[in-house]
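Trainee: In order, the protein sequence lines correspond to chains A and B. Counted from 1, the first sequence has number 6 at position 6 by my numbering; the numbering is strictly sequential. Counted from 1, the second sequence has number 62 at position 62 by my numbering; the numbering is strictly sequential.
It is worth saying that the hints were derived from the structure and are not from the lab. Possibly wrong hints are sitting among the right ones.
If several chains are the same, the list does not tell them apart, and a pair holds so long as it fits within one copy or across any two.
To be verified - Straight-line C-alpha distance at most 25 angstroms; calculated DSS-like pairs for lysine-lysine: (1) K196 with K22; (2) K65 with K3; (3) K196 with K64; (4) K51 with K65; (5) K46 with K154; (6) K103 with K154; (7) K51 with K105; (8) K64 with K51; (9) K22 with K3; (10) K51 with K166.
In this text the structure is predicted, and so the values were computed from the model without any measurement.
Number of protein chains: 2
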Amino acid sequence: MSKTVDFYFDFSSPYGYLSSEKIEDLADRCDCTVVWRPYLMGVVMKITERKPLVHIPMLSDYSKKDLNRFARFEGIEFNQPSTFPIATVVACRAYYWLERIDKEKAKELARALFRAYFIQDEMISQRDVVISIAAGLGIDSNDLRAALEDVSIKQAVRDATDGAVKQEIFGSPFFVVDDEQFWGHDRMGLLEAWIKTGGW
Amino acid sequence: MSKTVDFYFDFSSPYGYLSSEKIEDLADRCDCTVVWRPYLMGVVMKITERKPLVHIPMLSDYSKKDLNRFARFEGIEFNQPSTFPIATVVACRAYYWLERIDKEKAKELARALFRAYFIQDEMISQRDVVISIAAGLGIDSNDLRAALEDVSIKQAVRDATDGAVKQEIFGSPFFVVDDEQFWGHDRMGLLEAWIKTGGW
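Using the sequences plus the hints, can you model the full thing?
Mentor: The structure is reproduced here in structure tokens:
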């Protein structure tokens, strides 16, 4: 049976975006299935007493350079959004609603949301922006609009976030395979080696 | 003319230790020279308002696992020291004194200090421990003992640390080549690609 990789991320995370562009290729090479798990990382940032790199002296400038350098190295289009970070609860709700209906379509929406934010500088924190992006993929706007107010969908996002915290997921991107945790886009090489070798 | 890689680290940094075991091989592959630059990272940790990973919930457990996993992956012996982090000013002074006399010997001492701490759990924060390790490499104990109290050597460590901060070096390991900064053991692959291709 093929392994499952849980891929945790926040839609506001630039390194999460980079991984979103690469994780399915990695899974294909490893004959794995990926479960995409967007969550609200703000909760765990508080628990771990951290703040976004952009708010830390020195690390702010460096992380911008590092992101652009990584993106160019991997051939991924990337532009630092003008507003950062942003609230991603609407994007998460849209994702978990669609996942109930069509898992692959939900991943497609996730990729489209990431690209809208990290290439086109679109404010995916806003409901109408998310609905418009989804409409571009053929997703019914009225259905999605209703889903964004649905109590069970709101709860699904809370559950995803609480579940991540309980499993000590504290970053984005964050991968789990065989109960083994890998934090960061820069651990994808190690993740792939782990899966291919069965660990060490 | 071959390029120079500046390799900044704190003797108390486990990822710095991992890099110290690999950086000269990387340099050989790239026809580069490495300048080892130990410094006291505590200063810049304060400026960037950070604390060691081991003092952060969740990240503490993860970073221990990640370190061991990385070390095993790369075939580097590693044991988490019983006391961590430690003061590294004595180790830095020994390094900068010896560097004035014999650069290669100074690197040899740096590697021996790292290994003593991260394999043998020796307290390299202590003067007598550093002197004993140096003696094992044929370094005169009386000369080193005198050097550790030398005003100009003390100043050399302060200068190295101030210089690092001025250049916005904020981590360990931290590499600089062609004014391009690379932070973290996990950026060594990118560093090597950068040197070999001339950057992108």
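Trainee: Hint by hint, say whether it matches the structure.
Mentor: How the hints compare with the structure:
| no. | hint | in the structure |
| --- | --- | --- |
| 1 | K196 with K22 | both (16 angstroms within a copy, 24 angstroms between copies) |
| 2 | K65 with K3 | between (34 angstroms within a copy, 21 angstroms between copies) |
| 3 | K196 with K64 | between (32 angstroms within a copy, 23 angstroms between copies) |
| 4 | K51 with K65 | both (18 angstroms within a copy, 23 angstroms between copies) |
| 5 | K46 with K154 | within (21 angstroms within a copy, 39 angstroms between copies) |
| 6 | K103 with K154 | within (18 angstroms within a copy, 62 angstroms between copies) |
| 7 | K51 with K105 | neither (32 angstroms within a copy, 41 angstroms between copies) |
| 8 | K64 with K51 | both (15 angstroms within a copy, 22 angstroms between copies) |
| 9 | K22 with K3 | within (17 angstroms within a copy, 32 angstroms between copies) |
| 10 | K51 with K166 | both (20 angstroms within a copy, 23 angstroms between copies) |
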